[in-house]
Amino acid sequence: MKTRFSSILTLLLAFVVQVTFAQQQTVSGTVTDDDGLPLPGVNVIVKGTSTGVQTDFDGNYSIEAAQTDVLVFSFIGMKTAEYPVSSTNIVDVVLETDTAQLDEVVVTALGITREKKSLGYASQQLDGEELTRSRNSNALNSLSGQVAGVQITNNSGQLGGSTRIVLRGVGSITQGNKPLIVVDGIPLDNSNYNSNSAQTGSGGYDFGDTGFDINPDDIASMNVLKGGAAAALYGNRANNGAIIITTKSGKKGKAEITVNSGVSFESINIIPQVQKLYGGGGGDNSTIGQSTFDQATIDGTTYNIVQYGVDESWGPRYDPNAQVLHWDAFDPEFPDQYLNPRPWVYPENDKEDFFDTGVSVNNGVAFSLGSEKSTMRLSLNNTQSKGIVPQSELDKTSLNFNGKTELSDRLSVDAGINLTVTDGYNRPAFGYSGNSVILQFFQFGQTQLDYERLKDYKLPDGTQRTWNRISVENGTPRYTDNPYWIINENYAEDKRTRWFGNVGAKYDFTDNFYATAKMYVDQYDFRVATRIAEGSQSQSQYYEADRDFTEINYEAILHYDKSFFDDKLDLNAFAGGNKRDTKFRALIGQTQGGLVVPNIYNLNNSVANPLIDDYDENKQIESVFGSASFGYDDMLYLTVTGRNDWSSTLPEGNNSFFYPSINGSFVFSQVLDADWLSFGKVRGGYAEVGSDTDPYQLRNTYNSRVPFFGSIRYNQPDQNNNPNLKPERKNTWEVGLEMGFLKNRLRFDVTYYDEITEDLITPVQVDPSTGYNSTVANAGKLSNKGIEALVNISPIRTDDFDWNITWNFAKNENELLELLPGVNSLELARFPFNGVTLNAIVGQPYGVIRGTNYVFDDSGNRVVGDNGLYLETPNVENLGSVLPDYNMGFRNSFRYKNFDLGFLIDMQKGGVYRSLTNIWGHYSGILESTAANNIREDGVVVSGVTGDVSFNDDGTYTVTNTAENTTVVPAQRWGQDFFFGNDNQNVFAADYWKLREVTFGYTLPQEWLGKTGVNSVRFSAFGRNLLVWGLDNDNFDPEVATGGSGNIQGSEGGSLPSTRTYGLNVEIKL
Amino acid sequence: MNKIKGLALALFAMLISLTSCEGEWIDSELNIDPDAPSDVPMNLLLPGIQQSMGYNLMGNNSVRTNNIWMQIFDGVSRQSFTEARYQLTPADVNNLWINTYTEMMMNTTILVQKSRMEGSESPHYTGIGQVMQATTLGITTDLFGDVPFSDAFEGSRGNLTPVYDEQQKVYDTIFTLLDNAVPNLNSSENTFAVSGDVIYGGNLAKWEKAANSIKARHYLQLSNVLGNEAYTKALAAAQDGFESNADDYLVPFEDSNRNPIFQFMEQRGDIRMGATLVDLLVSNDDPRLEFYVEANGDGEFVGSEIGSQNESASAPGPAIAGTDQAVKLMTYSELKFIEAEAHFRLGQTTEAQAAYEAAVAASLLRVTGEDQSDWIASNLPGMTLESILTQKYIDGVGTNQPYADWRRTGLPSLELAPGAVTSSIPTRFPYAQNELDYNRANVPTVTITDKVWWDQ
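Top line first, the protein sequences correspond to chains F and A. For the first sequence, this note's numbering gives the first residue as 1, with consecutive numbering after it. For the second sequence, this note's numbering gives the first residue as 1, with consecutive numbering after it.
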């Protein structure tokens, strides 16, 4: 119904009612669909004339026609029917559904609806049902695997975490590379405020993207505009494509209440595997064999004790007969445990027991109503989630209202408003930081700890009781806090209160000529606070960030739509202007030197002056734009557009930039009258898009720092700004072919595109001896070329049983063609430890991880040094790009009577990530591989060859005299070498296959509901991310190597495990 | 009907006018950052440079590593243990290099340029800038050898690949900067009086002594190149150098800017005191022991033997890693050691002995806060070249000088760490990764066991 409804709107807006008055009889009747439901808005035309009417909201029509006339009934999404007018005055018509729906209407740039077949570019629209059937609370995550050319990366285990969305590859070096998100015409901010250190995996919190605020249940459709041609009218901000979301609205002549309730559960899916044979201890990396317990004499008794001062697991082998004092045996306050030895065994409750089953409860209700003149919809939705890390919670409540009314025949007004409150409590820290429990679980920790026992994390006097004591006498945390201390005392909070809305009017000057005027507002306040309690291993601290964002757009457009030459030629033209004003403010404070009074989390409670960051930003863009679309005989289509932007962020001489686009299509099935071919279309488009930049990059200013002995410190920042910037440019073209066979039961759509972005405004890194680390320049040229394919097959289509298969595929080739002359690489980020970096390198795909490599002989064997460990290249080398080679989605859906079943398989091939957990998990003896094959007792012989290696100055080398390596090294030394040795040991392919969604639904038969007043009831069970396979390293889901939605990707620094979700939902329509 | 039509037209016209303000189509003033000034007075630049010199040049990225190599510290785990095995990659020194060039030397260059602004010449600021620049450049070239300077700091004018100056030329530049600083500091015409000077509180006489002392340091450093000339020139410069501990060239720290080694110990803590130093202190009952070395968990003063990863050894003590412990750009005691060595080399034993004793006395007084003449009388080792340099080594804990002196003299003699990845203790730092990445054509090819020019 949604597609149908939007079609009605289109027709209402575009169709010109022309009634001729002649001496004829009145023919009337009702038009219904296959199910007998009345169809409003059906075109009823006297064939061969321009006489026509539309059916009303009950499907009734009335038209003057002669007895010899033929009436043509047409409606988008239905097969056109013709009925001769007989002597009877009543003609009731049933229109059959055109299941192929190739006349689908899609929402294009600036909210203009278009017949899909008229578009000269690829477009894939998902309706709300497709997005909500697996009940993901983040609407954007639901795109994963569904749309060719859309790459989604999200760590499922991170409660409400960031979602990286890339459409057709990366087009900019340092700007966001995020698509524009538009909800009912409102450009919706989708910022991510994760710290740089969170993004690189060095540690922090993931507070997600602000695009999380969209309520999935309010979405009627989501159209992904991937290419330049599709998005050109949006101008510079849609440089990376656009996602156009249309929300549900009331239906004319119908009142409906929809109630939705669901519950879902989340459990761990992929988690690093831990060895279960040896417990904590420092070990000895110089010997093969296991270490022993420490001994301590307490009150005259000598005990075996665990080495609690170390945070590694190279300790003695488990032995139920060995009695030792565990970490909790040193506190007289706990008499049961005090000096009470326990056996040395793998714990009953291990790390995995620390995690909870996440629970998410979703409730929503929507009221919609429509009269002849007005429609409205009101919805209220609440989702309460508890994450897998105990005590982590995320609530989202949204209220959405929209309405539209026709004040007169010519004037209509509409308004929509959405209020969303996203409230997070105790979102887990991740990465290599003290508050990240992952650090102590898999990087530096002890494996024998029983997590049930760790729950006693406090002494009666309130001080912490951790397993990682400084010494027997001193229980102060050495390196690591008790994980229950962390989640109870060092919690984070965040809250975003947001409203966005629009108000607009449409006025018809004549039947062909109308104007629209709109105002769009998006505003939020986002507050984040994190804390480290007094008594933690780290100095106590309070951090608070308060960010305010406002964007207002004013838009006015004049439209002219007319048909010529007996409706053979259609023209849709419009021209308009937009003013955009964006303001952003941030006030961020952090205590310094600790908290004066414990447990008072206030910036004024700082030992030293708190660090304050006060940031304000304002940007304006003025635009004018125009578009003209021509359609000839439902067969040939052409659209030209142009837009000029004036941006406040560019210097006066260069701040105006114009960019055109042209696209067209030819529906060749109209001329090729072949039975086997149901539909055929070729299309092509070319577009240029200009782009501005962030504010304040034109001149150098001074930065202030914390005062030094009372003297304010200013210094020249290390970035050299540029007063001569000019706009970035993107040139794109694409061609596509769509065909449908066998009554459209087999359809495909393929696209080839080629995009070049150049003059990229980039802070290019330079030699620091220039006085700067980077200089802002129009530097860089990136190329993206790719293929997208979509295939739909309907092997079975009967009244009772349907089977549909959808397969989508996208391959993108990305290459950085140039930076500044003489500059060949640009560091995007530095991953924690060992100088491993993420880079843009000329001649390579974007996002190359660089670090030292193995040394290989001519046959590709890894060369082992005299010490029995892999050699390492002296220079850093390119270890692969984080971008995948290709992505594929495969959906099957079945319907049998009232049952439906669907599943989606999503795969990625290629791309790499680097794992810090792999480094430390080996170093510390925690990972399963550090105790596999009895290596602690027997030592390790790494697979490779020995040989003579001579290095040249330029880093190249030759290897001679190779022989199989036979050197045995102690397991601990081998484990430590993941840190000391080459970086490529910790870089893995990001390939995966995932069973992304499974849904099973049952809709109660209509007859059961009878006259209960209930229109429909649907139960569904669903699962997300149920299975993962095809991994390079089974300890990690490659999607966890993301700490934000920006360009910094591919670093696993201590990520939460990925999860699977399953649940139940019921939807009732009244 | 017409009313509505009129209203619609008015509304539309209003929106059109909102989107297109005549004349001021786009306001370029909007792009002026409201939070950051485009210019600041010199007194606001000065403290930032000084803080960075203390934190980065002395504290964190340079001293920590080379004091591990000098066995003053020992790296017992993680990255510090790597460094203890002499693995130091271009990426490891990136922060040091970046801070040195973009924070210290670039901002000092701007400071000096401002101080010469026509109409408001302020040679006192010029002189301070020159002394700071020479100090930073001196430590930098001692670690890296040939470095960019004469062609550097021109990034905003488009010079993105500065050529390297040979170390000999860099040394000439250091001496020129210091020679020019003295008349500037003494200039009678000066527009803006110095303020914001955390190091000397605007005391120009002390800056002048610092200029001469730094000059003495670098003349002595040329002993292998110039022979006796190095000693005579060092002594000549020392004449007008520091006169007591009160003249020490120190960067202090405070709660909101805590001592860099303190911060390192707090955040990563992977170093302990080295056994070589601790044993020297213990065996000679040196009163500096408890100031340099913190008692370990067992209440003992234990150093970590190189390569032993002894995490239960003692951590650095309050004179090194106290929260607000100042770091030493140069001290009176170092100047006295310079004089002692120079006199000794020139055969002037009496003067050498006096300077040697004065040096150790100054060191003890500075570290312990008490006069230690009794200990000097009974425990001071007899004067030899080795004892002068060993005492200078003890005094120079937490600075770059022990490493510079050891390379020049081989004293005190140190053993190669077990598990070393190099065949000898490194004799220089590698060039930074950013240099290799962005200015490769100009960067000399070196390994960390190569020697800088004055070390040949």
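Possibly wrong hints are sitting among the right ones.
What the hints assert, rightly or not - Quick list of in silico lysine to any residue cross-link-like pairs, SDA-like style, CA-CA up to 25 Å:
1. F:276 with F:248
2. F:726 with A:357
3. F:726 with A:37
4. F:583 with A:324
5. F:619 with F:949
6. A:114 with F:696
To be verified - Derived CB-CB ranges, DEER-like:
7. F:950 with A:349: 34 to 40 Å
8. F:877 with A:349: 55 to 61 Å
9. F:956 with A:312: 26 to 32 Å
10. F:367 with A:39: 56 to 62 Å
11. F:877 with A:225: 37 to 43 Å
12. A:255 with F:367: 55 to 61 Å
13. F:950 with A:279: 50 to 56 Å
14. A:279 with F:473: 23 to 29 Å
15. F:384 with A:312: 45 to 51 Å
16. F:423 with A:28: 23 to 29 Å
17. F:295 with A:255: 39 to 45 Å
18. F:950 with A:379: 21 to 27 Å
19. F:499 with A:39: 36 to 42 Å
In short, the hints are calculated from the structure, not lab data. Backbone N, C-alpha and C define an ideal beta-carbon position, used for all residues, glycine too.
Margin query: So, against the hints stated earlier in the document, which numbers end up violated here?
Written below: 1, 2, 4, 5, 7, 9, 13, 16, 18
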